[in-house]
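Asker: These protein sequences, in sequence, are chains A and B.
For the first sequence, our numbering begins at 1 and goes up steadily by one.
For the second sequence, our numbering begins at 1001 and goes up steadily by one.
Source of the hints: derived by calculation from the structure; they are not laboratory data.
Every value quoted in this text rests on a predicted model; they were computed, and no experiment measured them.
Yeah, the Cβ is synthetic: ideal placement off N, Cα and C, and Gly gets one too.
Watch out, some of these pointers could steer you wrong.
Computed far set for chain A versus chain B, every beta-carbon distance over 12 Å [what the hints assert, rightly or not]: (1) K40; (2) S86; (3) V114.
Simulated restraints on C-beta separations [to be verified]: (4) A:Q14 with B:T1058: 42 to 52 Å; (5) A:N17 with B:L1111: 38 to 48 Å; (6) B:P1094 with A:S20: 37 to 47 Å.
Chain residues, written in single-letter form:
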Amino acid sequence: DTAVSQTPKYLVTQMGNDKSIKCEQNLGHDTMYWYKQDSKKFLKIMFSYNNKELIINETVPNRFSPKSPDKAHLNLHINSLELGDSAVYFCASSHTGRGGVNEQFFGPGTRLTVL
Amino acid sequence: KQEVTQIPAALSVPEGENLVLNCSFTDSAIYNLQWFRQDPGKGLTSLLLIQSSQREQTSGRLNASLDKSSGRSTLYIAASQPGDSATYLCAVTPGRDDKIIFGKGTRLHILP
Chain A
1 DTAVSQTPKY LVTQMGNDKS IKCEQNLGHD TMYWYKQDSK KFLKIMFSYN
51 NKELIINETV PNRFSPKSPD KAHLNLHINS LELGDSAVYF CASSHTGRGG
101 VNEQFFGPGT RLTVL
Chain B
1001 KQEVTQIPAA LSVPEGENLV LNCSFTDSAI YNLQWFRQDP GKGLTSLLLI
1051 QSSQREQTSG RLNASLDKSS GRSTLYIAAS QPGDSATYLC AVTPGRDDKI
1101 IFGKGTRLHI LP
């Protein structure tokens, strides 16, 4: 019973392509996040969605477009991939509503390599 | 602006020793603090979460403390084992529905 799952685990693609990463959580959480871990292993928030609504959007290029079809899913679409997009992308979820403590649970990550 | 610092960046200790990992944050107004473990090429595993009203949390051989006023947290690992080798990340959440702000981690290596 995977709590937070991501697909694919690895993604290798050419510069200029468009790709998507999918994330699903079965924890009943109301908030989902995308984080990027760069080559220096530093983790930084990109987006968060609460009940399908965007609540955090850090300074991320608009080539990155998150989409949340429902509370359990948060997908990340990337247009016109660039070399600098190569990183590991982590999805996370938490319960931030009434009674929640915002303990974040992370998926296994998607390692994106842009050639 | 909240910043999270972890010292040291890397640590090697012989198996069986007790050890302490340090985390400091610049803004004491936090909602909670979480310690994570990341194994090479893997995702993050939540180890302990301390809410702002708490001073410590324990799980097995791990004990995390929080001193909000001084902006510090420590992760104590008792009787270290080779399987404890990993990167340990400290992260603070400024508000209830807020993002996590991570430190850069301490890479721990337990020598058999």
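Asker: Now, for every hint given, state plainly whether the structure supports it.
Answerer: Hint check:
no.: 1; hint: K40; result: violated, 8 Å
no.: 2; hint: S86; result: holds, 15 Å
no.: 3; hint: V114; result: holds, 18 Å
no.: 4; hint: A:Q14 with B:T1058: 42 to 52 Å; result: holds, 49 Å
no.: 5; hint: A:N17 with B:L1111: 38 to 48 Å; result: holds, 44 Å
no.: 6; hint: B:P1094 with A:S20: 37 to 47 Å; result: violated, 30 Å
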